[in-house]
Amino acid sequence: MLRYVVSRLAAAVVMAVFATLIIFLIANTVPGDPALAQLGDLAASNPEFLAAFRAKWGLDLPLWERYLIFLKGLLRGDLGISIASQRPVLDDIISYAPATIELATAGFLLSVVIGVPLGVLAAVRRDTWIDHVARFISLAGVSAPTFWLAFIVLAIFYGGLQIAPGPGRLDTIAFPPARITGLYLVDSLLSGDWSTFTDALAHLMLPSIVLAAATLGLITRTTRASMLESMQQDYVRVARAKGLKEGTIVWGHVLPNALIPVVTLGGLAYANLLTGAVMTETIFSWPGLGRYTFRSAAALDFPAIMGITLVVAITYLLINLLIDISYALLDPRVVR
Amino acid sequence: MSTTTTVTPVAFDAVPSKRRRWLRRYGLASAGALIILSWILVAILAPVLAGHAPDVVDVTQRLRPPSATHWLGTDALGRDVFARLVYGSRISLTTGIIVVVLAAAFGTLVGGVAAYARGKIEELIMRVTDLVLCFPPIILALAIAAALGIGAVNTIIAMLVVWWPKFARLARSLIIVQRSQEYVEAAVVVGLSPARILIRHIIPNSIGPLIVLVTLDIGNAIITFAGLSFLGLGVVPPTPEWGSMVSEGRELIEQWWVAAFPGLAILTIVVGFNFLGDGIRDWLDPKSRRR
Numbered sequence: 513m514l515r516y517v518v519s520r521l522a523a524a525v526v527m528a529v530f531a532t533l534i535i536f537l538i539a540n541t542v543p544g545d546p547a548l549a550q551l552g553d554l555a556a557s558n559p560e561f562l563a564a565f566r567a568k569w570g571l572d573l574p575l576w577e578r579y580l581i582f583l584k585g586l587l588r589g590d591l592g593i594s595i596a597s598q599r600p601v602l603d604d605i606i607s608y609a610p611a612t613i614e615l616a617t618a619g620f621l622l623s624v625v626i627g628v629p630l631g632v633l634a635a636v637r638r639d640t641w642i643d644h645v646a647r648f649i650s651l652a653g654v655s656a657p658t659f660w661l662a663f664i665v666l667a668i669f670y671g672g673l674q675i676a677p678g679p680g681r682l683d684t685i686a687f688p689p690a691r692i693t694g695l696y697l698v699d700s701l702l703s704g705d706w707s708t709f710t711d712a713l714a715h716l717m718l719p720s721i722v723l724a725a726a727t728l729g730l731i732t733r734t735t736r737a738s739m740l741e742s743m744q745q746d747y748v749r750v751a752r753a754k755g756l757k758e759g760t761i762v763w764g765h766v767l768p769n770a771l772i773p774v775v776t777l778g779g780l781a782y783a784n785l786l787t788g789a790v791m792t793e794t795i796f797s798w799p800g801l802g803r804y805t806f807r808s809a810a811a812l813d814f815p816a817i818m819g820i821t822l823v824v825a826i827t828y829l830l831i832n833l834l835i836d837i838s839y840a841l842l843d844p845r846v847v848r
Numbered sequence: 002m003s004t005t006t007t008v009t010p011v012a013f014d015a016v017p018s019k020r021r022r023w024l025r026r027y028g029l030a031s032a033g034a035l036i037i038l039s040w041i042l043v044a045i046l047a048p049v050l051a052g053h054a055p056d057v058v059d060v061t062q063r064l065r066p067p068s069a070t071h072w073l074g075t076d077a078l079g080r081d082v083f084a085r086l087v088y089g090s091r092i093s094l095t096t097g098i099i100v101v102v103l104a105a106a107f108g109t110l111v112g113g114v115a116a117y118a119r120g121k122i123e124e125l126i127m128r129v130t131d132l133v134l135c136f137p138p139i140i141l142a143l144a145i146a147a148a149l150g151i152g153a154v155n156t157i158i159a160m161l162v163v164w165w166p167k168f169a170r171l172a173r174s175l176i177i178v179q180r181s182q183e184y185v186e187a188a189v190v191v192g193l194s195p196a197r198i199l200i201r202h203i204i205p206n207s208i209g210p211l212i213v214l215v216t217l218d219i220g221n222a223i224i225t226f227a228g229l230s231f232l233g234l235g236v237v238p239p240t241p242e243w244g245s246m247v248s249e250g251r252e253l254i255e256q257w258w259v260a261a262f263p264g265l266a267i268l269t270i271v272v273g274f275n276f277l278g279d280g281i282r283d284w285l286d287p288k289s290r291r292r
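Here the protein sequences come in this chain order: A and B. Numbered per the numbering used here, the first sequence spans residues 513 to 848. Numbered per the numbering used here, the second sequence spans residues 2 to 292.
The set of hints was computed from the structure by calculation and includes no laboratory data. Don't be surprised by glycine CBs; every beta carbon is placed ideally from N, CA and C. Among these hints, one or two may not hold up.
[Claimed, not checked] Simulated restraints on C-beta separations:
{"id": "1", "chain 1": "A", "residue 1": "Arg588", "chain 2": "B", "residue 2": "Asp131", "range": "40 to 48 Å"}
{"id": "2", "chain 1": "A", "residue 1": "His644", "chain 2": "B", "residue 2": "Ile158", "range": "34 to 42 Å"}
{"id": "3", "chain 1": "A", "residue 1": "Arg691", "chain 2": "B", "residue 2": "Ser31", "range": "50 to 58 Å"}
{"id": "4", "chain 1": "B", "residue 1": "Trp72", "chain 2": "A", "residue 2": "Gly672", "range": "18 to 26 Å"}
{"id": "5", "chain 1": "B", "residue 1": "Pro210", "chain 2": "A", "residue 2": "Gln744", "range": "51 to 59 Å"}
{"id": "6", "chain 1": "B", "residue 1": "Leu285", "chain 2": "A", "residue 2": "Leu842", "range": "27 to 35 Å"}
{"id": "7", "chain 1": "B", "residue 1": "Arg25", "chain 2": "A", "residue 2": "Ala523", "range": "40 to 48 Å"}
{"id": "8", "chain 1": "A", "residue 1": "Asn540", "chain 2": "B", "residue 2": "Pro210", "range": "36 to 44 Å"}
{"id": "9", "chain 1": "A", "residue 1": "Arg588", "chain 2": "B", "residue 2": "Pro66", "range": "51 to 59 Å"}
{"id": "10", "chain 1": "A", "residue 1": "Ser838", "chain 2": "B", "residue 2": "Val129", "range": "23 to 31 Å"}
{"id": "11", "chain 1": "B", "residue 1": "Ser194", "chain 2": "A", "residue 2": "Leu830", "range": "57 to 65 Å"}
{"id": "12", "chain 1": "B", "residue 1": "Thr70", "chain 2": "A", "residue 2": "Gly672", "range": "20 to 28 Å"}
[Said to hold, decoys possible] To give an idea of the interface, some chain A residues facing chain B are shown, with a C-beta separation under 10 Å as derived from the structure:
{"id": "13", "residue": "Val518"}
{"id": "14", "residue": "Ala531"}
{"id": "15", "residue": "Ile817"}
{"id": "16", "residue": "Val824"}
[What the hints assert, rightly or not] If you want the footprint, here are the derived chain A segments under chain B, 3+ residues with CB under 8 Å:
{"id": "17", "segment": "661-674"}
{"id": "18", "segment": "711-720"}
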C-alpha cells in the first residue's frame, strides 16, 4: 500500500514539473516579441532601449536558462505580476480562491446528494417514469451550456419571478463577514452573524444549482450503469435468498460496491466544476477564480492566465492523486 | 415467456408492434439525426432563411422584443437576433465537426502506433497523453488560444491540442484487444506490412466505439468552442457566433431574448449529437441498452 502511494506521488510530482514546462513553453512561444508587445512603439524603435528591456527580463538568455529562472520563481511562489491588476498573480489567486471553493463545494455536494440517489432509483426502477426522468435530467445537464443555463436561471428566478437574490455573494448593501477563512458561510457562522449567513446562503443557491447541473448528469448516469451491473452479481442473489429486505440489499450491499466507479469519476467531475465555475461566476458576478479567469482572458492578461492554468493543473493533479489513493482503499486489488 | 401455444391477451401485449420495435431500435438515433440534419439545412440555407443581414447595425431598433419583423428580437446594436442565430449555425457546426474529426484522425493514428510499436515509443506517447489530460480541457485551450491570439482558426488549433489524447487512449486500448485476435496473426503470417495491417484491418475492426465517441464528442466540442467564444477568444467580434451572442446578452436580464435563443440553439444541436451517439451505441452494443 505504502509503495503504491509513494509511486503515485512520485508520478504526480513528475507530471507537475512537466506541466510547468508546458505552461512555460506556451508563454514563451507567443507569436510576436513580448518585448515589442510590452514597450510602446516609440521605445521599441530605440535599439538600446530594447536591449535593456530584454536584459532586464532575461529575454536575451537561452530558453532553458529562462525556464530554470521561471522554476526558481515558482518555488518562491512567484507567478509573475498581473497586467490588469498590477498585483502578484499569486496574491490575486489567494484572494479569489475562497469564493470559488465555497461555490464548487456547494455544487459538488448538491450533485452528489441528488445524483447518487437518483441513479440508484433509476437502476432499481428501470424503464419506469423515474428512469426516464433521470435520463432526461442527465441529458439536459450535459447538453446545456453552463453559461447559458446560468443566464436562464438568473433571468427566471431573479429577473422574472423575483424570488431569488441577484448576482454577487451578498446583497449590495451588506458587508462581508470578518475574513477568517474567506468562506462567507463559515466566517459568518464563526462570528455568529446569522443574517449574513442566511444572506450568503441565499446568494449561493442559484449558482450552485447551475454548477451542479453538468456534474449531476454525469454522476446519475454512472451510478445507474454501475448499479445495474452490480445488481446482477451472485452476492445479490445470496442476499435475496437469505431473505434480506430489498431496501437493505440495494442501499446496504449493492450501492457501496457500485460507488467505486463513481469515485473515480471525481476527477472528471472536478474538471467540470472548474470549467463551470468560469461560466457561472461570470454570469453571477461571483468574485472568484472563475470570474478572474474570464476577466484575464478578456483582457489577454497573460501572466494571470498562465498562473491560473498552472494552479488549476496542480490542483487537478492533487485531486487525481487523492482519487487514486482512495480507489486503492476501496478496492485493494488495484494495488497489485 | 410462456411455452403454451394459446394466445392470451397478455402474451399478445408482450410482443411490441413493429412500429414500437422500430422506435426502440432506431428512434433515438433518428431523432438525433433529424435535429442535426435540420441544423445543417439551416446552415446551408442561411442567406435564404435569415430575412435580415446578420451584421447590419441599426441603433434606432435596438433591444426590440420578438415581433413579426424581428422574430427573435434585436440585440444591443439593433441587429436581428434570428438572422445572427441562423448564420451562427455555420460556425458552430463546422468548428465542432472539424475539431473532432481532425482530433479523432490524429489521435487514432497516434494511439494505433503506440499500441503497435509497444516499448519505449508507446511509453512516450502515453506519457504525453497523460500530460495533456492533466489539464482541464477548457483551461488549457484557453491558455493556448490566448497565446495564439483571438480568432476561429487559432481557437480550433488550441482545441485540437487538448482534444486528440482521449482518442489516442481509446484507439490504443481498442487496438491492443484486436492485436491478439487470430486474424491479425494470420495477416502477419501472410507477410502484410504493419502499416497495412493497422490501417486496413485493425482500425476498421475497432471503429465502432470510436464512431460513438466522435458523435458524442461533436456536441462537446460545440459547447467548448461556444464557451471559448463566450470568454471572448473564439471569433473576432462582428462574426455571428452563438457563444459570443450569449456573452453579449449576458447582462441583459430584462432583454432576455438576446442571450436566451442562441443558447437554446446550442442546447438543441448538442442534444441532437447526444441522441445520435447514444443511439449508435445502443445499436452497436445491444447489451448497453439493457443496462
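Structure-based check of each hint:
1. Checking the proposed 40 to 48 Å range against Arg588 (chain A) and Asp131 (chain B) shows it is violated: the Cβ atoms sit about 28 Å from each other.
2. His644 (chain A) and Ile158 (chain B) have their C-beta atoms about 41 Å apart, which keeps the hinted 34 to 42 Å range intact.
3. A beta carbon spacing of about 57 Å between Arg691 (chain A) and Ser31 (chain B) agrees with the range 50 to 58 Å that was offered as a hint.
4. Checked against the hint of 18 to 26 Å, the pair Trp72 (chain B) and Gly672 (chain A) passes, with Cβ atoms roughly 21 Å apart.
5. Between Pro210 (chain B) and Gln744 (chain A) the beta carbon distance is about 22 Å. The supplied range of 51 to 59 Å is therefore violated.
6. Between Leu285 (chain B) and Leu842 (chain A) the CB atoms are about 31 Å apart, so this pair conforms to the stated range of 27 to 35 Å.
7. About 45 Å separates the C-beta atoms of Arg25 (chain B) and Ala523 (chain A), a value consistent with the hinted range of 40 to 48 Å.
8. The given range of 36 to 44 Å is respected by Asn540 (chain A) and Pro210 (chain B), whose C-beta atoms sit roughly 38 Å from each other.
9. Between Arg588 (chain A) and Pro66 (chain B), the C-beta spacing of about 56 Å keeps the proposed range 51 to 59 Å intact.
10. As the Cβ distance of Ser838 (chain A) to Val129 (chain B) is approximately 27 Å, the hint placing it in 23 to 31 Å holds.
11. Between Ser194 (chain B) and Leu830 (chain A) the beta carbons are some 45 Å apart, a value that contradicts the proposed interval 57 to 65 Å.
12. For Thr70 (chain B) and Gly672 (chain A), the Cβ-Cβ distance of about 25 Å falls inside the hinted range of 20 to 28 Å, so the restraint holds.
13. The criterion of a C-beta within 10 Å of any C-beta in chain B is not met by Val518 (chain A), whose closest approach is roughly 18 Å, and the hint is violated.
14. Taking 10 Å as the C-beta cut-off, the interface hint given for Ala531 (chain A) holds, the closest approach to chain B being about 6 Å.
15. Of the supplied interface hints, the one on Ile817 (chain A) holds, with its beta-carbon coming within about 5 Å of a beta-carbon of chain B, less than 10 Å.
16. Given the 10 Å rule on beta carbons, the hint for Val824 (chain A) holds: about 5 Å separates it from the nearest Cβ of chain B.
17. Counting residues of the segment 661-674 of chain A whose CB lies closer than 8 Å to any CB of chain B gives 7, so the stated coverage by that chain holds, three being the minimum.
18. Chain B is given as covering the segment 711-720 of chain A, and this is violated because 0 residues of the stretch bring a CB closer than 8 Å to a CB of that chain, at least three being needed.
In this structure, the earlier hints numbered 1, 5, 11, 13 and 18 are contradicted, and the remaining ones agree with it.
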